Amino acid sequence: MTGLSLSDKVTIGAALLGGAAGVAGTFAVLRRRSLVGDMLAHASLPGVCIAFAITGSRDLLGLSIGALVSGLLAIGLMTLVVRWTRTKEDAAIGIMLSGFFGLGIVLLSVVTRSSLGGGSAGLSSYIFGEPGNMVDSDLYTLVGVGLGVLLLVLLFYKEFKLVSFDHEFAKSQGWPTLALDLAMMTAVALVTIIGLPIVGVILMAAMIILPGATARMWTNRFNVLLILAGVIGATTGAVGVRFSSGLPTGPTIVLTGAALFVASILFAPEQGVVARVWNETRLRFRVAREHLLRSLYELNEPNFPRLAPTTFQQLLAHRYAQPWMLRWLVDQSENRGLVAVRGDQVTLTPLGFRRAAEATRTHRMWEIYMMEFAGSAPDHVDRSADAVEHLLPESLLLELEARLAREGRLPAIATEVPASPHDLASEGNSS
Amino acid sequence: MPSSIALEIHDMTVAYHRRPVLWDVDLQVPEGKLVGVIGPNGAGKTTLIKAVLGLVPLASGKVEIYGQPYQDQRHLVGYVPQRESVDWDFPVTVRDVVLMGTYGRLGWFRRPRRPERELAEACLEQVGMASFARRQIRQLSGGQQQRVFLARALAEQAQVYFLDEPFAGVDAATESAIVDLLQSMRSAGKTVFVVHHDLQTVREYFDWVILLNMRLVACGAVGDTFTPENMQKTYGGRLTILDEAAEAMRNREPVR
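Chains as they are written, first to last, in this note's numbering: chain A, 5 to 435; chain B, 46 to 301.
It cannot be assumed that every hint is accurate.
[Claimed, not checked] Capping the alpha-carbon separation at 25 Å, the derived lysine to any residue pairs in SDA-like fashion look like this:
#1 A:175 to B:107
#2 B:78 to B:111
#3 A:13 to A:141
#4 A:175 to B:218
[Said to hold, decoys possible] If you want the ones that stay clear, here's a sample from chain B, every Cβ over 12 Å from chain A, calculated:
#5 60
#6 86
#7 99
#8 107
#9 125
#10 136
#11 146
#12 170
#13 198
#14 226
#15 229
#16 233
#17 263
#18 264
#19 273
#20 278
Simulated from the structure, these hints should not be mistaken for laboratory data.
No experiment lies behind these values; they were computed from the predicted model shown.
Ideal Cβ positions, reconstructed from N, Cα and C, are used throughout, including at glycine.
The task is simple: from the sequences and hints, build the whole structure.
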């Protein structure tokens, strides 16, 4: 006896399941085998029913063996169909998944009606998942499988990583790629089967796919990905169970996982929607600001080195369609100390002039490059330069500069940096 | 006494789903050559390499590296697959990928340690990618991806290298850098096989060529082998009989 209350047992069980499914499922997601887990889960139902009919008990181990056998049978049949007929893999997966599931439902109603031993009511929980009748031995099985999967991944970390990334290269080094692939998929299969009574055959695939896909939004590192997927899976399981009072447990677990996924798509750094929209918006503002600065530069260019005030009218005539937009841009630039505004007169500050010169320089370098090296027509380069110049990385700009300088197409550099007036080595920064 | 024949193929036929794509290839390449594998699309260039590396089963024949069966000589062989054969969105760094070159030598369960990491650094240095070690592979350009793959093969510390289209999608500067590297590998006694498309550069890059078009057209030193006559044989249309025979084998129907 564990001495735990049922709800604690279920929470721990769901967390273990989620963690193991997250780690094993990450490999399925990376190998683009997510749907195999789905097929396996659905296809296990006939096996569960037959195992129950034979043993007459609801014992997790017995039913799991039945589930595993019929799941593997489906995978085998699927492979044969793909190999020997014109049916492609996605179609074959769909066929096996629905065929076996249909058979499972029929068998389920037969078994339930004949009501062997009177304990078959729990079987229907395999469809949507109902951990309410979890017993201690079920928990031990979950602990065993969870630890087993973690051990497998720890042991074969390097090998799994290699095979997942580059199958053929692994094979060329003599690794038994088929066996390693099989080991990965076995981990997925074991977790799937063990999870059936908790999450149900219909939704189990979500437990395999969601944690890995969610974790992928947050990291680009393989080891972090695996750990994060495990943590996310465990959290999903535990939180989902806690939310499930009065509701079916499987769906609440899956909904929790889906909520984490949606939150990650929205808020993950770099790859998240919010971060991308934010970066895109900032880029647009920067582009608009650089255009304003270039306009001011070009309008003043005839009078250099004198910087005269420019009126809004001049600016509007030069580039801008909407006055409110211009007004707003000018305000923004004033806040950054790039321009000084008096009435409707705009003047570049020294800082603004330097930025304007940089923007104009980039623009013109690109125009020269496109005209002289890429053979673009003069009346087209302005627009293409507009599209490109703000995105050019600094390293490429330097290359462009060097290229133009080599060809003698660049005037002497205006912003030459004087030599340092003191000894640089004495700054104490020894790197 | 070790053989100085780096690669020997005896009467090799390769079939995909019973359809033969390479017939009766029989060739020998001595050690220390930079070898171009040349032929039109669908000629079986990639298949030749994959068959030698045991990635596709042989319908018949055998492959020997330095006089021993390939299975016993894997540690002498380095491989650069086609760049598109992997998912460049995979969550690993450049250094991770290069370290994979050392996995074969490490064997089961042993993780790369300091010597392996230093080797990976050195290999990245050789392909001019040392400053990219910590980058995610998704951030690389095509030419950079190719150089990372090359560094991974260098980390295998092999004697015989097989490169599948290392110049595909690569800019001119990278191509000449790769060629320089390959030529210095040859000078160090390595034998390097390169699947290559650009006929203009064959004479400049290689000193040995294998001309393929579903069967071996010719194999030998560039000067004697890369002749207009042989090129006509290689590129002058497929042998329709071979094609039809292959199709018939796939359908299990007699030609007549």
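Taking the numbered hints from earlier one at a time, note which ones the structure violates and give those numbers from smallest to largest. 4, 7, 9, 10, 11 and 13
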